[in-house]
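Asker: Note that the protein sequences, when read in sequence, are chains A and B.
Residue 159 in my numbering sits at position 159 of the first sequence, and the numbers go up by one each step.
Going from the second sequence to my numbering is simple: count from 1 and add 1000.
Do not rely on the hints blindly, as some may be mistaken.
Here are the in silico distance ranges between beta carbons for each label pair [stated by the list, open to error]:
1. B:D1177 - A:K219: 42 to 50 Å
2. B:Q1068 - A:G205: 29 to 37 Å
3. B:H1363 - A:D502: 52 to 60 Å
4. A:K184 - B:S1393: 58 to 66 Å
5. A:G428 - B:Q1612: 15 to 23 Å
6. A:K389 - B:E1485: 21 to 29 Å
7. A:P283 - B:D1177: 47 to 55 Å
8. A:P283 - B:Q1612: 29 to 37 Å
9. B:T1391 - A:W524: 41 to 49 Å
10. B:L1311 - A:K478: 50 to 58 Å
11. B:S1393 - A:P283: 35 to 43 Å
To give an idea of the interface, some chain A residues facing chain B are shown, with a C-beta separation under 10 Å as derived from the structure [to be verified]:
12. F98
13. S425
14. Q590
Cut-off 27 Å, straight-line C-alpha distance, at most; resulting in silico cross-link-like pairs (DSSO-like, lysine-lysine) [said to hold, decoys possible]:
15. A:K102 - B:K1618
16. A:K628 - B:K1017
17. A:K382 - B:K1382
18. B:K1382 - A:K348
19. A:K578 - B:K1312
20. B:K1312 - A:K17
For the record, the hints were derived by calculation from the structure and aren't laboratory data.
What you are looking at is a predicted structure, and each value in this text was computed from that prediction instead of being measured.
Think of the CB as a built atom: it goes at the ideal place given N, C-alpha and C, for glycine as much as any other residue.
Protein chains: 2
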Amino acid sequence: MKIRYSQITVIPGNPAKNYETCFDAALRAKTAGVNLLILPEMAIPGYMVGDKWEENDFIDDCEYYSNQLAKETNENFSLIFGSVAFYESVFGKPQNGFDGRKAKMNVAYIASNGKVEYQIKTLLPNYREFEEPRHFLDNLTATTMFSEGSISQMFKLREINDVKFGVTICEDGWDDDYNLAPLKILGEMGAEVLVNISYSPFTAGKNQSRIRHFSNHAKTLKKPVIYVNGLGLQNNGKTIFCFDGSSAAWDCNGNLIAHSGMYTQEDVDFLYQDGKISAVDAPQYIQRNELEDIHATLIYGIKNYMSQNGLKRVVIGASGGVDSTLAAALYAEAIGKENLLLVNMPTKFNSQTTISIAQKLAHNLGCWYTSVPVSESAELTKRQINGLKSTNSEGETMEIILSGFNMENVQARDRGSRILAAIASGWGGVFTNNGNKTETTVGYATLYGDVAGFLAALGDLWKHTVYDLCRFINSKAKKEIVPVEVLTLKPSAELSENQAVDKGLGDPLIYPYHDRLFESFQQWWNRASLADILQHYLDGNLADFLNHGLESELDENMIRKNFPDAKTFVADLERWYKLFKGMAVAKRIQAPPIIAVTRRAYGFDYRESAIQPYFTRKYLELKEKALK
Amino acid sequence: MKIRYSQITVIPGNPAKNYETCFDAALRAKTAGVNLLILPEMAIPGYMVGDKWEENDFIDDCEYYSNQLAKETNENFSLIFGSVAFYESVFGKPQNGFDGRKAKMNVAYIASNGKVEYQIKTLLPNYREFEEPRHFLDNLTATTMFSEGSISQMFKLREINDVKFGVTICEDGWDDDYNLAPLKILGEMGAEVLVNISYSPFTAGKNQSRIRHFSNHAKTLKKPVIYVNGLGLQNNGKTIFCFDGSSAAWDCNGNLIAHSGMYTQEDVDFLYQDGKISAVDAPQYIQRNELEDIHATLIYGIKNYMSQNGLKRVVIGASGGVDSTLAAALYAEAIGKENLLLVNMPTKFNSQTTISIAQKLAHNLGCWYTSVPVSESAELTKRQINGLKSTNSEGETMEIILSGFNMENVQARDRGSRILAAIASGWGGVFTNNGNKTETTVGYATLYGDVAGFLAALGDLWKHTVYDLCRFINSKAKKEIVPVEVLTLKPSAELSENQAVDKGLGDPLIYPYHDRLFESFQQWWNRASLADILQHYLDGNLADFLNHGLESELDENMIRKNFPDAKTFVADLERWYKLFKGMAVAKRIQAPPIIAVTRRAYGFDYRESAIQPYFTRKYLELKEKALK
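Looking at chain A on its own, in the form it has when it is part of the complex (with noise of 0.2 Å):
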């Protein structure tokens, strides 16, 4: 028996198109005499669609696709695909959900000689980006909460060209934190080659993991395992998502046979005979640098986010500082030097320094440049509205006064919201925002001004993920396509005279400590509270509980010397949870979408609500003890 996958990719919300893709799949796959095609997860509806899966005509359209691909199986060839399915026609009845709305379920058509029959997901995830449960009934709510059947409806063997298939769909796969476990219970069941349909987003680490992880079940149930993942990138609003694919088989000993590229659409055949699988000509599993896979998702998630929404050409305000850099290099590469525009735009405290890495950095790239000073803008404005006077209707009057923090935001919104929106549409492209996650965390950036922007790349990236993808950018190209100077100047906004980077003065965040504070308040899995940091600080092992066992800049004495007592230690830890709890939240919200790439990226994959940040008993506890 020859079983192919197809790593395709899914376009959201277009089962038209998807079904397309598949068709063609299916037509390889029978040019190549495959008798079982493997497709992933939601192949034909897509997945982050929002409310979308509330429209039934949508739904009915993924239906109708489903089956028309359904209809292109034969006596020796079979499918097996990902998508949507009313209650109806898994059941044969009528039935909403819960709440009134018409019950659907994600499933997995098994397709064979015309003939359908659904899996339906058992383990629906609910945290993060995802909230399937808002839309979907799982397995055992839809199996006996309203048919007549029992529990054992919920797991069946699927009989393909007489091999015994047990299908499951994604989460199904990861059930080590659930009470049920699907791949287990079908493997005990009889299943001769376990399947897992896939649709997962990217996250820096998660491909080893998933390796490891899909290897223990094939080890522990002496089953081959199959992992098909689909290519896309799909979004929630807020947060843009890159699935990666990285599909890949076992043996039944738990041995990778066979693992497909990140974001590269292929077909991989197996042979199945006597249960033994044998991989036919399939790629290989290549250890990379976490930096390469980070790099790969951001020119992806570029690239597909611009094509996706029809757009070509970039303008970037190029500071000379690092994150504006690091962005011209990722464009430059998604979308090509000829659509990309630097635009330098000094104000007399932008040192010549940083204006020669603005330039360089444009002739490394051989893109756009162009320069365009902020001073007279500043000046007309300051004139305007620095002493306008305002009447009411009792004849009195009163003026507004602009101070030198107000002129430095005042920098901010006339080159995002005045010159680089003005350029971007008069070249008929868009402008971008560079902003890292430690800047986003706290919210160390102007609303209207460098928060504006169409998209976030760097924006789930901490600022010592900015440097390393620099000095990596380097490296692969050999060359020096990052100007070197950017990596030792101190980072500055250059707003004002206490900003001066020829000085050594810049910005107030101390990167190696701050980054992994941020990391432990934000995305951590058990989050760290407020009382835990000041402990471990109190304890003398905070450097060690914030690196969590990674590899880091910071130690203890970084720490000892910024904060050499309790006092300045909270005074510091305070400032900046206010401000990531508070002022951040609401330039949040406005923020333009981020493409994600850790574990909790801002927006969908972080819900926060503009709310007074709250110091826990223990915490203000602590702190009074530590403090006497």
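Given the structure of chain A, go ahead and fit chain B onto it with the hints provided.
Answerer: Okay, now just chain B, sitting in the frame of chain A:
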């Protein structure tokens, strides 16, 4: 037995503060000889706190303060109030949820004589802004999946002062579409008084439906029902919800015996004896105009969103159009005329008509007024950007050209991000977004221009409601607050000669039609599909379909007059649908938070992805036939 409910204000994510509010209510109740005090759902933690539910230190504090409050009870004084509980606290043993996070439940604390029992919420809403299953186990799951108990453990009668109470939480009372009916179960078990503690936000029309609904429960089950809803302002980042109270009680015949006002803190007492309940000096239901409710909600929303964020002063760009006029009238009422500054920002395209309206408005409101012309800055931008030369490393040059349309957007951004932002920061305040729901639906606004602002108070109001509210404000004040000229003026952006109001030119939207059309796309529970709409147009009954049983200016003649044939109809339909699902999504991603008043506000209440518009087979086939 003396029973009281307190309709109190709950702060999201602040158990310490909420404990104080509840403690005060308990103290008042004890002083008044009350035997049982009932407080709203989630009275200790608050409700909309995003992924803060995953912070275990926060839950610890919620439990601590809940238990502290329970200690206030004694032999003669019991409490029922909402909070969150770990599985461990309720069942006495630790248990993780399905995906490894610590299991938590939305519960009612039932405290008597210092002892606590828990009623777990049975029906968890998972639609619109709700996502309770993301964080909480439901009663069935918690009771039957993890404990050794049976399903009968889910519901218990709670004996207080020898009276049997059946306690439910919010959605538990809205069982129409669910397969479990908690109130019915408890009624049939022999409850003498049914209680529903809620934390349910305002939605236009919900109050009357609630009265009907719970009256039916009381009548059918022949038991008195006490419904206690909280007050407060909570948000999910993009969407702000006003919790209006409107707590009430019904006797066992379903008669409404008490009904609290909207947004007022109230203690209401009842006497219960021998199956009979009576209210003591209780507030009674006053039938109100829906506009009055919406008006009250917007005032409450503005006032509380500002105070929660420590804001006092507001700047409004007053164009003399109807939207900014309504915004100004609302803010003047919510925050006081002394905290409000209207800024008129004319270009050469602005008419004396609208400038005069803006001046008159400021005069009527008694607030601050000033004027800042945009032309000089627009000229500067044109001079700097139009014809701007860029070069590349190959010595090529290219030139940026700004079109008339580009210059319209330059003006809009200049008003928002340069002038209003600078004035607001100089005055120590914020500036508003005045966009209505119709514009928001199709993105008829400029990003970083009129899309900017700290809050979109009008973002959930269709254009016709904007007019209605203006008239309501004048009629309520019995004088002209809103200059009447604005009510008859053609709506226009006044950004070019093609939008000259004095020539009767303006917006491309036919509001009486497009309001209803967009409402059918976005706001209906069963949303209209393009195929539905086109079919009704062809059948000649589209106005009826879109009016949806509501009064409206729209009739079939208006539709025929504007779209005499299928071709013009389809062109208009697709033009706006593509914007709704396309560019407008990108703008909404970066738009400010909206105060929700309808059944679907944009933001967290209507989840959407930035994906290409999709036309279903059904629509495409119908269109093909229609255009033949």
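Asker: Next step is simple, just say for each hint if it's right about the structure.
Answerer: We went through each hint and held it up to the structure:
Checked against the hint of 42 to 50 Å, the C-beta distance between D1177 of chain B and K219 of chain A comes to roughly 45 Å, which is consistent with it. Taking the beta carbon of each, Q1068 of chain B and G205 of chain A are about 42 Å apart, not inside 29 to 37 Å as hinted. Here the CB-CB span from H1363 of chain B to D502 of chain A is close to 53 Å, well matched to the stated 52 to 60 Å. Take K184 of chain A and S1393 of chain B: their Cβ atoms lie about 60 Å apart, and the range 58 to 66 Å holds.
The hinted range of 15 to 23 Å is satisfied by G428 of chain A and Q1612 of chain B, whose Cβ atoms lie roughly 19 Å apart. Taken as a hint, the range 21 to 29 Å holds for the pair K389 of chain A and E1485 of chain B, whose Cβ atoms sit roughly 26 Å apart. The given range of 47 to 55 Å is respected by P283 of chain A and D1177 of chain B, whose C-beta atoms sit roughly 49 Å from each other. Take P283 of chain A and Q1612 of chain B: their Cβ atoms lie about 31 Å apart, and the range 29 to 37 Å holds.
One distance hint, 41 to 49 Å for the beta-carbon pair T1391 of chain B and W524 of chain A, holds here, with the actual separation near 47 Å. A hinted range of 50 to 58 Å holds for the C-beta pair L1311 of chain B and K478 of chain A, which are about 53 Å apart. Checking the proposed 35 to 43 Å range against S1393 of chain B and P283 of chain A shows it holds: the Cβ atoms sit about 38 Å from each other. For F98 of chain A, the shortest C-beta to C-beta distance to chain B is roughly 5 Å, which falls under 10 Å, so the interface hint holds.
Against a cut-off of 10 Å between C-beta atoms, the interface hint on S425 of chain A holds, since the closest Cβ of chain B lies about 5 Å away. Against a cut-off of 10 Å between C-beta atoms, the interface hint on Q590 of chain A holds, since the closest Cβ of chain B lies about 5 Å away. Between the alpha carbons of K102 of chain A and K1618 of chain B the distance comes to roughly 19 Å, so the proposed pair stays at or under 27 Å and holds. Between K628 of chain A and K1017 of chain B, the direct Cα distance comes to roughly 25 Å. Compliance with the 27 Å bound is thereby established for this hinted pair.
Our distance criterion of 27 Å between C-alpha atoms is met by K382 of chain A and K1382 of chain B, whose separation comes to about 19 Å. Between K1382 of chain B and K348 of chain A the CA atoms are separated by roughly 22 Å; this keeps the pair inside 27 Å, and the hint holds. In summary, the hint linking K578 of chain A to K1312 of chain B is supported, as the alpha carbons are separated by about 20 Å, within the 27 Å threshold. A threshold of 27 Å between alpha carbons decides the hint, and for K1312 of chain B with K17 of chain A the separation of about 52 Å lies outside it, so the pair is violated.
Hints 2 and 20 from the earlier list are contradicted by this structure; the remaining hints agree with it.
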